[in-house]
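Protein chains: 2
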Amino acid sequence: MRWYIIALSLIILLVPTALASEAVGTIDIPKVILSLAIMLLVAKIGGEIAERKFKQPGVLGELLAGVVISPFAFGPYLGFHVIPGEILPISPEIDLIGQIGVVVLLFLAGIETDVKQFMKFGKVAGLVAAGGVVVPFVLGYFAIKMFYTPPAGEPIEYVALFTGAILTATSVGITARVLKDINRMNSEEGTTILAAAVIDDILGIIVLAMVIGIIGTATGAVELNFIDNAWNEVVTKSTTTDILWIVMKAALFWGVVLFVGLKYSDKISSLLGKFETKGALMVIALVIGFAISYVAAYIGLALIIGAYAAGLALSASSHKEQLIEEISPVFNFLVPIFFVAMGMLVNVKDAVTIAGLGVLILVLAIIGKAVGCGVVAYFSGFNYNGALRVGTGMIPRGEVGLIVAYIGLSSGIIQQPIYVIAVVMSIVTTLITPPLLKSTFAKGPEKGWKEKSG
Amino acid sequence: MRWYIIALSLIILLVPTALASEAVGTIDIPKVILSLAIMLLVAKIGGEIAERKFKQPGVLGELLAGVVISPFAFGPYLGFHVIPGEILPISPEIDLIGQIGVVVLLFLAGIETDVKQFMKFGKVAGLVAAGGVVVPFVLGYFAIKMFYTPPAGEPIEYVALFTGAILTATSVGITARVLKDINRMNSEEGTTILAAAVIDDILGIIVLAMVIGIIGTATGAVELNFIDNAWNEVVTKSTTTDILWIVMKAALFWGVVLFVGLKYSDKISSLLGKFETKGALMVIALVIGFAISYVAAYIGLALIIGAYAAGLALSASSHKEQLIEEISPVFNFLVPIFFVAMGMLVNVKDAVTIAGLGVLILVLAIIGKAVGCGVVAYFSGFNYNGALRVGTGMIPRGEVGLIVAYIGLSSGIIQQPIYVIAVVMSIVTTLITPPLLKSTFAKGPEKGWKEKSG
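Protein chains in written order, with my numbering: chain A, 1465 to 1918; chain B, 1465 to 1918.
Bound conformation, chain A alone:
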């Protein structure tokens, strides 16, 4: 391990204290370059240790490396400071590059998906997603009603509804990465989890819309620039018509993207093939992925939903293998930045100070998804092991939980203790999933699906 220490010491020695100064307004490009260097270095060191010392997915190491270099831990020695006035404890530029990374991640996950498999498991995935929304919501709601004493001015009914909403949406990024790491993306369980997480994201938006509709809090001034335009729309206008409108847009978007992608896969392949200059084919595929991601965000869904849909649409292309090969280095460069950034959001000090309620919510968050999704999966055709894998894969809340918590805090519906609990819940569920998911795949029979006729 000696060389890890040497590499880390070198970086720490190299980083000048000059970094502490914050340029306002303009972007300090050399500083961003240095931040990327540090983040990628700790990501790869964390990944190596996780994979080789502990036989865990590399992404777990990247997340924990992020926790270590967060502004709340050793970050200040490396130039990572909490920026006053910013909600996120990372700089907007790093956030941007990380978000481009997560778009590339979901795009590649889409390309690698076996579409026939995806279609076959669509119905099961819908049921699993519904189970994974209802159970955690109910658990979260009653836990707050029974065990939480709100500070003055915080109506407990609203807090309970909001906490329920925080617990609903699955973050597909981490699970997609683990499934890719252990080469199970196209297993029955993998397909079900990915499809369910996608549907779940839409259900999550609907639940949030309903909760905000019930609360009737129309702040109108919430500024959101964190992956997801959809939430902003939901926060500012939430009538029944709007909720129906969101569902319709989502259905239409998925219908059009998948129909065009799969129906005209030959035409798309031939269009891609028209670009003969070096590397152009892969870049044009990324252009398609970025453009469709934008459209998804524009109509009120999430960037990453669009990226995954775009990837699926290209998954039937005859250039599939070439795309996977050429996009992978871009993935290797950008995606670790996202996961280190996710880790950097964790305030380890706050995590230590919250007691009982935090642990309770955390446990309910884990049980809610594992049971809600797992039981439905079991009754939809998976065996015990398969259902366990599906339930486990749906546990992480990641950035989606953070977004909901952030909306609650910035719109005044929830206060600091619940916010901290939500952040810790999002991160812990994200941290524990990689080892849990890997172990569920390692034990029990290989096949998790009771083979039936169709």
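Check each hint, because a few of them may be wrong.
Claimed, not checked - Below, a sample of chain B positions facing chain A; criterion: calculated Cβ distance under 10 Å:
id	residue
1	GLU1515
2	GLU1621
3	LYS1738
4	ASN1796
Keep in mind the hints are simulated off the structure, nothing from the lab.
Glycine is no exception: its CB is placed at the ideal position from the N, C-alpha and C atoms.
With chain A's structure known, arrange chain B on it following the hints.
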């Protein structure tokens, strides 16, 4: 060509007018994603047309595509607007991603360099660089003295000195890209040009430091976030000691990076080889590149100088071929963004309105480098064709010319007409170099170097 039109029409139809709104302070991530999609699309279409229809380097097509979608041309229809208060007509986020691209470009150029060749041509390159600094400086100085009538309050002596300085520094990015496109990076001419451009950048900083020292304008408040911290330092303090200090730092930096890189290439290879997880080796190489780029910027050189030095230091590694292969897709993704962004800086309307002086400066800029470098190259061992290639390769000023012009404008030393001329000169020299350089390599004998003993 029908499909180009279809693709372009689609993008134009897709881009909503909503893009016109400018978020202040925060980053609109979906908008950046869309901007990248548009820039990469026009880059690849431009590149295909340039290479296949006109047999020119792809980068020329990318630059011209940038001119077409600049905020001064068709950009506003695509969401690219001039942002009030910003010096550059592109958004800071796009600028950032483009700058990361140019760092990757120079880093890869360094890795691909044949170091023995680089060392062999170091002395010639030094002389060529000196010739290419002195001749354009003198020509620019006297052209302004003789043909320019400054507006009130603009001392002609200062304007002349500054214009001379603007004409000195070669932009290595475009030439590196062309040499890579035509596969001549490691020819005698290619090596000389790259080495001379690197030395030239340092000479350019020294010239600017001297000019500012003479003018004695210490504004102290110039904010520079455009590649180059060095200029900022030069602008704010320029005594003889400081100039010596810059030269020493540059020499020390190059000495240390190259010595460590080449002396310990086995150790570096073995360190890289320690990272066994997928893609980690390439990422760690990028970490080294980014870290050394930062150090270069930090001690007052340029990011891209550091990137090139870091690449050279890794060029003797046993992983050279693997690094080239794995970094190339990242290059293909990021580098076109830089060149489209460069094209987007051109204000075509202003370019049309400036008359005689602009053309004169432009011609002197071209002749200055071609003659200054070409003649020196000829007397240093190149034949006529080789000297022509070296002289041509040194023509582009690109972003370095823009930086100097920007410093002059923002510190009040030069006014709009000279600034516009400098911008147009930088861009035109950048635009004409790819076809010129390619044609000088196509004609005449293959070998441009009079083979001697050493």
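Evaluated hints:
Nearest Cβ of chain A to the Cβ of GLU1515 of chain B: about 5 Å, under the 10 Å cut. The hint holds. With its C-beta approaching chain A no nearer than about 32 Å, GLU1621 of chain B sits outside the 10 Å limit, and its interface hint is violated. Annotation: interface hint on LYS1738 of chain B holds; nearest CB of chain A at approximately 6 Å, less than 10 Å. The closest approach between the C-beta of ASN1796 of chain B and any C-beta of chain A is roughly 3 Å, which is under the 10 Å cut-off, so the hint is satisfied.
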